[in-house]
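Undergrad: Here is what each chain is made of, one letter per residue.
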Amino acid sequence: MLEIHDLACLRGDRLLFRRLGLSVQAGELWRIAGANGVGKTSLLRLLCGLATPDTGEVRWQGKTIRQERESFHAALLYLGHAPALNDLLTPLENLHFACAAAGDAVSPSDCSAALTRIGLGQQLDLPAKVLSQGQRRRVGLARLFLATQRPLWILDEPFTALDVAAAAELAQVIAQHASTGGMVIFTSHQEADFGMPVRTLDVGAFSA
Amino acid sequence: MNLFKFSSPQTFYSLAGTLAPVFGVIAAVLATVGLYISFFAAPTDAVQGEVYRIIFIHVPAAWMSMVIYLAMAFWSAIGLGLGTRLSFYMAKALAPTGALFCFLALWTGALWGRPTWGTYWAWDARMTSQLLLLFLYFGHIALTNAIEDARRADKAGAIIALVGAVNIPIIYFSVKWWNTLHQGSSINLTKSSMASTMLIGMLIMALAAWAYSIAVTLVRVRSIILERERRTDWAAAEIRLQGAKA
Amino acid sequence: MNNAFIAVLRRDLLLAWRSRADLLVALSFFVVVASLFPFGVGSDPDQLRAIGPGVVWVAALLATLLALPRMFSQDFDSGVLEQLLLSQEPPVAWVSAKIAAHWLSTGLPLVVVSPLLALMYGLEPGAIKVLALALLIGTPILSLIGAIGAALTLGLRGAGSLLALLVLPLMVPVLIFGAGSVDAWASGIGLRAHLLLMGGGLFAALALAPSASAAALRITMD
Amino acid sequence: MNWDSFAAFIDMGGRGAFVWGSYGVTLALIVAELWALSRRRRDTLHRLLRLQQLDTDRSAT
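Quick mapping for you: the protein sequence lines, in order, are chains C, U, X and D. Note that the working numbering gives residue 81 to position 81 of the first sequence, counting from 1, and the numbers run on in steps of one. Note that the working numbering gives residue 88 to position 88 of the second sequence, counting from 1, and the numbers run on in steps of one. Note that the working numbering gives residue 98 to position 98 of the third sequence, counting from 1, and the numbers run on in steps of one. Note that the working numbering gives residue 11 to position 11 of the fourth sequence, counting from 1, and the numbers run on in steps of one.
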């Protein structure tokens, strides 16, 4: 269970938001809404501990994520705005590395299965730099299939550059994760049908 | 725990406001006494004649450049350890004065070296370490200025100050080893028998430099505090008040 | 613990192999810089023999400096660094792996090529071996110290010259004892003291630099 | 008193250039730092005042 108390975030000289509170229970789906530049990505980075808040706290299972860094990061999957790929490596190598570096024991065959499932079966051994923007995002998203044991998913604009079919499959994967007791926090411009209730948090409501 | 009362920027701001002029006056008094001793009370040196009087600012400058860098490392450690923003402000406020004294130590050392050794720069162990310390100061100031985000600049500056401080003794002893290897034992700038008046003069000038550094740092930290805490109510009021006058 | 270490080490070495052209460029920089000095100093053999070790060491410092930004910048731009910071294993693990991979791909080649330059400066066989040994112990320290600077200057404009200003003064002791060990051997004093001191420096750097770099990276990504 | 005349004091045993070169530059740099400090304080206050007005205008609209 993720709780946020009285969170404030300063970007350079501008106060993005303050007194932001949120409580995410198991099985919940949260969409972070707000105009561009209001601090959605900054909020997500605060939630996963990449950035330290000016004031306020983020708690995971009751303890602040600064104290419980290791166990929090074991339970978290964060997919940033840019897909974390290296252009010289193939999608298979990138995905396998991403899991191993995060500490998940995942075999190359699981990775290639995940990649084929997300529609990159033919591109397994091409260097990532030849892939299209949409294909690169899907390599990043393929990690979702391999991170089901991580309850908290924080996804920054997961639906961008995806065609309709891929977006529908992604929505289905997210809904399935939430229904099995996972928590998903994501930002998105387009509406997506998850077949379940989606709670929304408007960051603009907390802006200074 | 009123110790932490002073660690809040607001209370420290007013405290620094009262202390800065006090240390300024102390510095002025000590400097006049020190200068009187260095020029009028201290006798002419048998070996070096009058030029040794440069010692009365060369040695204090060299000491202060070292003391201020270690103070910066101290505040950096506290800032990183306890996360108190004020400690980072102190480290940032100290850097320019430290670099100034470091340059002065090199400048006066060179002007002293010319008549004594015949060259402005003789790769003497102490002077070479002083030069490297100046590079450490430039590195710290350049890094903190290159980073826009003030919070990241503070912490990055703190890390390089600590890494630098850990390396100072290593640099000093390796330069000393390297110097004695290539040049035999260097002429010790302060070897000439220290008449007591000379020693007293030097100590008073060192204390004057110390008081001066504190006064300047306190004034500089006040404007850093205002800059960084401008969103708080007390700082906004102070800015309106002082801004109108300035 | 070793999961992330091995994963990052293997990947970085694989990447180094795939972009080995860049590594050859960095290595050729080392050779070019070292071979410039005779044009400035003259080709008198005795003089070259005297300045040889020092020149090779300064060139090694500059070559390491040139290759340092690459240690983190590629992963910083692609977002991989963010994912690494979120790994459940402590950052010291994968930062050490990155530094080790950086040394293996850029530091070790300097050691391998140094005999070639030593010959160019007319050093006798014994001196060539001592120089290579000193570089073998010294270049990891350069990578370790450089990693802190690379982490601090990540993503800054003018990071190259800022990095040089930050780390070169800290590398002076390694330069002194590295170049000094060849002179000490040549003059019969023996190089044990120099190499022992550098060994001590290496262990100190191994203990402190990775955690300092990890802290710097966390601050940079804040 | 070491000096019998002001000229001797300035001459400093023939090393006047070096002694006054050191003390002069020290004095000059100290004065420069104090001047820079007061200018920095004034500029900071003016800049912060303008930023403040900017904020009040923005939140007023």
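Treat the hints as calculated values from the structure; they're not laboratory data. The model shown is predicted, which means the values in this text are computed figures rather than measured ones. By construction, the Cβ of each residue, glycine as well, lies at the ideal position given by its N, Cα and C atoms. Treat the hints with care, as some may be off.
To be verified - Computed beta-carbon distance windows for the label pairs:
| # | chain 1 | residue 1 | chain 2 | residue 2 | range |
| --- | --- | --- | --- | --- | --- |
| 1 | D | R47 | X | R18 | 25 to 31 Å |
| 2 | C | P197 | D | T56 | 37 to 43 Å |
| 3 | X | R20 | U | D233 | 57 to 63 Å |
| 4 | C | R11 | X | R157 | 16 to 22 Å |
What the hints assert, rightly or not - Pulled from the structure, derived: some chain U residues nowhere near chain X, Cβ distances all over 10 Å:
| # | residue |
| --- | --- |
| 5 | S14 |
| 6 | I37 |
| 7 | A41 |
| 8 | W107 |
| 9 | A156 |
| 10 | L162 |
| 11 | N167 |
| 12 | W177 |
| 13 | T197 |
| 14 | Q242 |
| 15 | A246 |
What the hints assert, rightly or not - Quick partial rundown of chain X residues pointing at chain C, CB under 7 Å, derived from the structure:
| # | residue |
| --- | --- |
| 16 | A4 |
| 17 | R11 |
| 18 | L15 |
| 19 | R18 |
| 20 | Q83 |
| 21 | L86 |
| 22 | S87 |
| 23 | Q88 |
| 24 | L136 |
| 25 | A207 |
| 26 | S211 |
| 27 | M221 |
| 28 | D222 |
Undergrad: All the hints need checking, so say for each whether the structure fits it.
TA: Cross-check of the supplied hints:
1. Checked against the given bound of 25 to 31 Å, the beta carbons of R47 (chain D) and R18 (chain X), roughly 49 Å apart, lie outside it.
2. Distance hint check for P197 (chain C) and T56 (chain D): the Cβ-Cβ separation is about 42 Å, which falls inside the suggested range of 37 to 43 Å.
3. One distance hint, 57 to 63 Å for the beta-carbon pair R20 (chain X) and D233 (chain U), holds here, with the actual separation near 60 Å.
4. The beta-carbon spacing between R11 (chain C) and R157 (chain X), approximately 19 Å, falls within the hinted interval of 16 to 22 Å.
5. S14 (chain U), annotated as away from the interface, keeps every beta carbon of chain X farther than 10 Å; the closest lies near 30 Å.
6. Here I37 (chain U) stays apart from chain X, with its beta-carbon at least about 36 Å from theirs, past the 10 Å limit.
7. Every C-beta of chain X lies more than 10 Å from that of A41 (chain U), the closest at about 39 Å, which supports listing it as non-interface.
8. Remark: the non-interface label on W107 (chain U) is consistent with the geometry, its nearest Cβ contact in chain X lying 19 Å away (cut-off 10 Å).
9. With a minimum CB-CB distance of about 5 Å to chain X, A156 (chain U) fails to clear the 10 Å threshold, and the non-interface call is violated.
10. The non-interface label for L162 (chain U) is inconsistent with chain X: the shortest C-beta to C-beta separation is roughly 8 Å, within 10 Å.
11. A Cβ of chain X approaches the Cβ of N167 (chain U) within 10 Å, the least distance being about 5 Å, so the stated non-interface status is violated.
12. The beta carbon of W177 (chain U) is not kept farther than 10 Å from every beta carbon of chain X, the shortest such distance being approximately 7 Å.
13. With a least beta-carbon separation of about 37 Å from chain X, T197 (chain U) lies farther than 10 Å from that chain, consistent with its non-interface assignment.
14. At the 10 Å boundary, the C-beta of Q242 (chain U) stays outside the reach of chain X, the nearest C-beta of that chain being 31 Å off.
15. Look at A246 (chain U): its CB is around 32 Å from the nearest CB on chain X, clear of 10 Å, so calling it non-interface holds up.
16. Look at A4 (chain X): its Cβ gets to within about 5 Å of chain C, closer than 7 Å, so that hint holds up.
17. The beta carbon of R11 (chain X) comes within 5 Å of a beta carbon in chain C, closer than 7 Å, and the hint placing it at the interface holds.
18. The interface hint given for L15 (chain X) is met, as the beta carbon of that residue sits about 6 Å from the closest beta carbon of chain C, less than 7 Å.
19. Interface hint at R18 (chain X): satisfied, since its Cβ lies 5 Å from the closest Cβ of chain C, which is below the 7 Å cut-off.
20. At about 5 Å, the closest approach between the beta carbon of Q83 (chain X) and any beta carbon in chain C falls short of 7 Å, and the interface hint on this residue holds.
21. Hint status for L86 (chain X): holds, given a least beta-carbon distance of 5 Å to chain C, under 7 Å.
22. Evaluation of the S87 (chain X) hint against chain C yields a held restraint, the C-beta minimum of about 5 Å falling below 7 Å.
23. Nearest Cβ of chain C to the Cβ of Q88 (chain X): about 4 Å, under the 7 Å cut. The hint holds.
24. Given the 7 Å rule on beta carbons, the hint for L136 (chain X) is violated: about 29 Å separates it from the nearest Cβ of chain C.
25. A least Cβ separation of about 21 Å between A207 (chain X) and chain C goes past the 7 Å threshold, and the interface hint is therefore violated.
26. At a threshold of 7 Å, the smallest CB-CB gap from S211 (chain X) to chain C is about 14 Å, leaving the interface hint violated.
27. Because the closest C-beta pair between M221 (chain X) and chain C is about 6 Å apart, less than 7 Å, the hint holds.
28. The interface hint given for D222 (chain X) is met, as the beta carbon of that residue sits about 5 Å from the closest beta carbon of chain C, less than 7 Å.
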